[in-house]
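**Student:** Following the hints, position chains B, C and D against chain A.
Chains as they are written, first to last, in this note's numbering: chain A, 133 to 492; chain B, 133 to 492; chain C, 133 to 492; chain D, 133 to 492.
Please note that the accuracy of each hint is not assured.
Repeated chains share a single entry, so a pair holds when one copy, or any two copies, can fit it.
Listed next, the in silico SDA-like pairs over lysine to any residue satisfying Cα-Cα at most 25 angstroms (straight line) [claimed, not checked]:
| hint | residue 1 | residue 2 |
| --- | --- | --- |
| 1 | Lys-432 | Phe-300 |
| 2 | Lys-231 | Ala-348 |
| 3 | Lys-231 | Gln-394 |
| 4 | Lys-432 | Ser-402 |
| 5 | Lys-231 | Phe-300 |
| 6 | Lys-231 | Asp-491 |
| 7 | Lys-186 | Asp-333 |
| 8 | Lys-432 | Asp-326 |
FYI, nobody ran anything at the bench for these hints, they're computed from the structure.
Note that the structure is a prediction, hence the values are computed from the model and not measured.
4 protein chains.
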Amino acid sequence: MPGSSFGKAFTLTTFGESHGVALGAVVDGCPPGLALTEADIQADLDRRRPGRSKYTTRRQEADQARILSGVFEGVTTGTPIGLLIENTDARSRDYANIKDLYRPSHADFSYDEKYGIRDYRGGGRASARETAMRVAAGAIAKKYLSVRHGARIRACVSQVGELCAQSFEWDTVEENPFFCPDPALIEPIAELIDRLREAGDSTGATITVMAENVPAGLGEPVFDKLDAEIAAALMSINAVKGVEIGEGFGVASMVGSAHRDQMSESGFESNRAGGILGGISTGEPIIARIALKPTSSIAKTGRARTRTGEVVDLATTGRHDPCVGLRAPPIAEAMVSLVLMDHWLRQAGQNGREVSLIDR
Amino acid sequence: MPGSSFGKAFTLTTFGESHGVALGAVVDGCPPGLALTEADIQADLDRRRPGRSKYTTRRQEADQARILSGVFEGVTTGTPIGLLIENTDARSRDYANIKDLYRPSHADFSYDEKYGIRDYRGGGRASARETAMRVAAGAIAKKYLSVRHGARIRACVSQVGELCAQSFEWDTVEENPFFCPDPALIEPIAELIDRLREAGDSTGATITVMAENVPAGLGEPVFDKLDAEIAAALMSINAVKGVEIGEGFGVASMVGSAHRDQMSESGFESNRAGGILGGISTGEPIIARIALKPTSSIAKTGRARTRTGEVVDLATTGRHDPCVGLRAPPIAEAMVSLVLMDHWLRQAGQNGREVSLIDR
Amino acid sequence: MPGSSFGKAFTLTTFGESHGVALGAVVDGCPPGLALTEADIQADLDRRRPGRSKYTTRRQEADQARILSGVFEGVTTGTPIGLLIENTDARSRDYANIKDLYRPSHADFSYDEKYGIRDYRGGGRASARETAMRVAAGAIAKKYLSVRHGARIRACVSQVGELCAQSFEWDTVEENPFFCPDPALIEPIAELIDRLREAGDSTGATITVMAENVPAGLGEPVFDKLDAEIAAALMSINAVKGVEIGEGFGVASMVGSAHRDQMSESGFESNRAGGILGGISTGEPIIARIALKPTSSIAKTGRARTRTGEVVDLATTGRHDPCVGLRAPPIAEAMVSLVLMDHWLRQAGQNGREVSLIDR
Amino acid sequence: MPGSSFGKAFTLTTFGESHGVALGAVVDGCPPGLALTEADIQADLDRRRPGRSKYTTRRQEADQARILSGVFEGVTTGTPIGLLIENTDARSRDYANIKDLYRPSHADFSYDEKYGIRDYRGGGRASARETAMRVAAGAIAKKYLSVRHGARIRACVSQVGELCAQSFEWDTVEENPFFCPDPALIEPIAELIDRLREAGDSTGATITVMAENVPAGLGEPVFDKLDAEIAAALMSINAVKGVEIGEGFGVASMVGSAHRDQMSESGFESNRAGGILGGISTGEPIIARIALKPTSSIAKTGRARTRTGEVVDLATTGRHDPCVGLRAPPIAEAMVSLVLMDHWLRQAGQNGREVSLIDR
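Isolated chain A (complex conformation):
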């Protein structure tokens, strides 16, 4: 049973390899009547695009998405939306030398163990390039949630290596090449990236996602809790190794009387829960944080293994990001948007005004 589909009510199915013909997606379940153009999708794709600044990979991909179906006379019809991005700057020859190699910290070995075969060109399906279609689909979800309910989903880079954001000025985020919310950190990050590139090394990072104006009541007990599905969505992004909701791992050392969000007449006095209780949204902002490992493709020599079991030294050349986290905020936003959209429709389907027998 394959794993290229996401969501139950608002579904995304993707295909495509890093250096294949094209990347594509089918978004099914979008309510009819949403005004949607290719420009709506392109905006977020451009934020994720490689080659956007000198701090990311130099691969040049236009990442121009076409809408192939599901939109008629400028609005969604309710039928599946086909999306396509043709690959233009694929250089398979760059990868001939790793054809029979398992690179350290890559998915080469595990894919080969799984399938007994592997598309070695740029990681094939395991490449982070695959996330472009998540961003495209997420843009549709994000627009719907914004138009229909005024929801706002944003993400920023909250840590790069040892450098942690101390302030969260969201207006700053889109105005620097690092999606950084702390103006004081921009210069130090730039220096760190330059230093790493020179050293042929890379660094990890954390991303913080915040979803505001999300209605209370989203999330399904007991397995499809909203936080469980957000965790899966974010952990499914390449390089992510940790997910937190609200206070996250900090809760382990807290006492209950300090952790609990006490209630006020209009809502909650605090939001340590990160907007979710019992797996269901409370109406408070949903806050998640993820950790991304340092880029695995680095120039520093490391030990790889051949398919026949020989250990060899390998230095990765080619066009790589010194910190994959720096391009991850649009991806994290997209994944959270897809989860919220899916649960919005699921909530409507069981508890919406049309189906409920409860007078609210």
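**Tutor:** This is chains B, C and D only, laid out in the frame that chain A set:
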């Protein structure tokens, strides 16, 4: 679209409320021929059971599971396995006073927002009592993985409040009331729990899960990655607020050359990845860590809200755990076992010897 | 991947064997607020119950269904509804002689080929007894559709052997032991059944299902069309070998100008389509017809085969229906109700007032 | 919850409208190692293609399918296969006159009721043109089943109007423009089609599908029975109004002793069951029959209705098939192939040698 089912190939569907008639489950997709008795299931249920030591809730539930179907002459038949636990110590009257109240840090408010109705007896469906059926189903998965492949899935309490395990002696884990792997920590945890109970407060904790002897190749690109599904599985456990795989959040401050697991002739030189690369198992031990928030039901007075919007002071009496984390290891083991079992079957279905055209 | 679950938004998962401990079900996704008692479910179960008249099997099963969860203070809560029927008249010893035999026209051989193992007691999971839980769950769907929208779903026996109903008087259906809509046919059917029982033989039948007052707009293009899902639902009933919608096979020899339902100001001039166009309901009555094969368990000797390949003569004794079709109308109603309920919720989830951006 | 995906283990997701930019599909779950080229797919597409003979629509579509992913160096990799067909002969202007009309026997009315919006160009998503992607995906399933197990899935036109095939000479089927297995019927069908076109009318038809060399054991009790899923698959094809397995509706008037397939040492003495018992394949040929209604788009004037409720006379001009059944065999083969492929993988996943504990 409801959320009471888990897994795609090996599926678990549960029902039941904390103070209702019974808890039940349907486990579908179990391969035929597995020797299975109620005792196999009971062993893990007893490890999770309330009232097992003086450090947990005093509610007394036998949690006696019956197998209603799917097993004939001592072995599984391949058809769905029905499981049932009757509630015996349900005292609904304990909850009459919170009938119209939203308790802080509970799911009362969010459930009411979702459904417009709520079973207030002991949290109803939101109670951690629901996890009993996860443990029962997980025991089946665990047994299959052990019998078929020699896999071993274990969990321990690695942190309680500020107390962190410094050593991991797995033999110790089942010999103390705290599932604690560090003998030096047992006494301090006992004191902490006593102190908290006296103070009418509670504490958070972390659990570490380790799955050994898991075959390489499990996990489905790109959304149903093994780590994504483990993250969802663990985050769906009541009170969990964070999930890490391998080095987890530690990766954010590491450089690539220090983080990567270099390869050796027989496998990997290290296992910072926690047994998963590109969302697919590598054959190395799978390591996950979760954080659980402090119990929300505490004796210390806190501000609750009535359904009509009035803020009131509330002290929770009744029979509660001062640290829900202390009963969570069997639940975490169960959820990881369910994910591995599901992916074992999914892998067999696409890439097993019977279906593959690759000669391996 | 197992097949014991039905529906996507309103889901039914069943378990249990004919001569096991119990039959059970989980109904998940029911909207909250539906007044529901065990009596609501029992009414339909009693209509399907064995031993209801002298024309059906003499096995005596009370088929008493208990609601184990999901209902609180008389109304559904939105959480999963657990249902249980204990088997009381199971006589496994009746089946010892077929332990190693594949009976003709039964599922013995195919189950053994599938699982390599088989619960031979009364057909185990392959027994039509399994349909009791479908009827129980269908009763919930039927009640919701009736209360919420005034929908009415009924079925009758339209043919037994060569005897075909010429009139459809629905008031008659529940007043004779054959669910027969044609008063002139009741006596002939009684005689036919008596004759068949004497001869140790059985007969096939057809059932007609009609769903009235179903809203237009239900059904999902392109694979989950309403008629496609009704076809699956009905074909999944034991012994069914054919399904028709509207004019059914009659359309093959019609010309387009005679077949099409021309439109009127208020709807359609005719309903040859059976209430579904393009896989979506039109608001006209939905009409389906199914054919059930003659009971396979008959006293007339037939050739069976042992597991080791020997052909033997076998006469089935025991308590069997001479015409399984005679107990099928409540099952057919239930399956159609489950499909309509599922699509009602699915429609609400994508196109309901809460989610749509279209002003209707 | 949308309905554009089919299958659970071998999944097909399609998008595209009749007169939109393109038709596309994602096939996920294909085992790795299958030699696959665009020519493999094109062969079946060409059999379904419009404009193939003078007896079908004159719309000229090359229906040239491109493989966009999932195939590397000539073989499948196990990752999703993206497929695309660009529309080349779309003439939207042909449909301007029906923009606000509900045509009789079309999906115009029901789509509008569902979505509140509608792509009126050539039926949009409701057009049979959508089935091109089913045929493309089915070709992959068909090839796998053939290569891996020697299975053969074929279909023919067994009835056109009153003309019924009396002989089934499969060699004849691909050598006449009607997929007709009875040489004596070819001339009469040609005359009938000419006569209908002149009269501005159309006719219904039946298709017979046969799948040979299918292994025993495919199909999942109790809802996902093999025949139930075949019924859904076939009923989801545009214009289909009835589905039969084996003897189909004929069983209603048979007695059990005449209907049952008695067993022989090597299998069964007959195959009235159509290769399926208890929802599971027996190893005998699987035989299904479907009825397709006459084409709804005919030149004879009929009563349509405007969106505002006015009844108007409408004669459909444009390029239409006088008998949609004549192009349906490749579609029926494709749908049955998809079901068999899905169940092949599902069977491998639960009961294959790798997962089973039964020694067979």
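**Student:** Next step is simple, just say for each hint if it's right about the structure.
**Tutor:** Now for the hints, and whether the structure bears them out:
no.	hint	verdict
1	Lys-432 <-> Phe-300	neither (34 angstroms within a copy, 33 angstroms between copies)
2	Lys-231 <-> Ala-348	between (50 angstroms within a copy, 20 angstroms between copies)
3	Lys-231 <-> Gln-394	between (58 angstroms within a copy, 18 angstroms between copies)
4	Lys-432 <-> Ser-402	between (46 angstroms within a copy, 18 angstroms between copies)
5	Lys-231 <-> Phe-300	neither (44 angstroms within a copy, 40 angstroms between copies)
6	Lys-231 <-> Asp-491	between (63 angstroms within a copy, 19 angstroms between copies)
7	Lys-186 <-> Asp-333	within (16 angstroms within a copy, 52 angstroms between copies)
8	Lys-432 <-> Asp-326	within (15 angstroms within a copy, 52 angstroms between copies)
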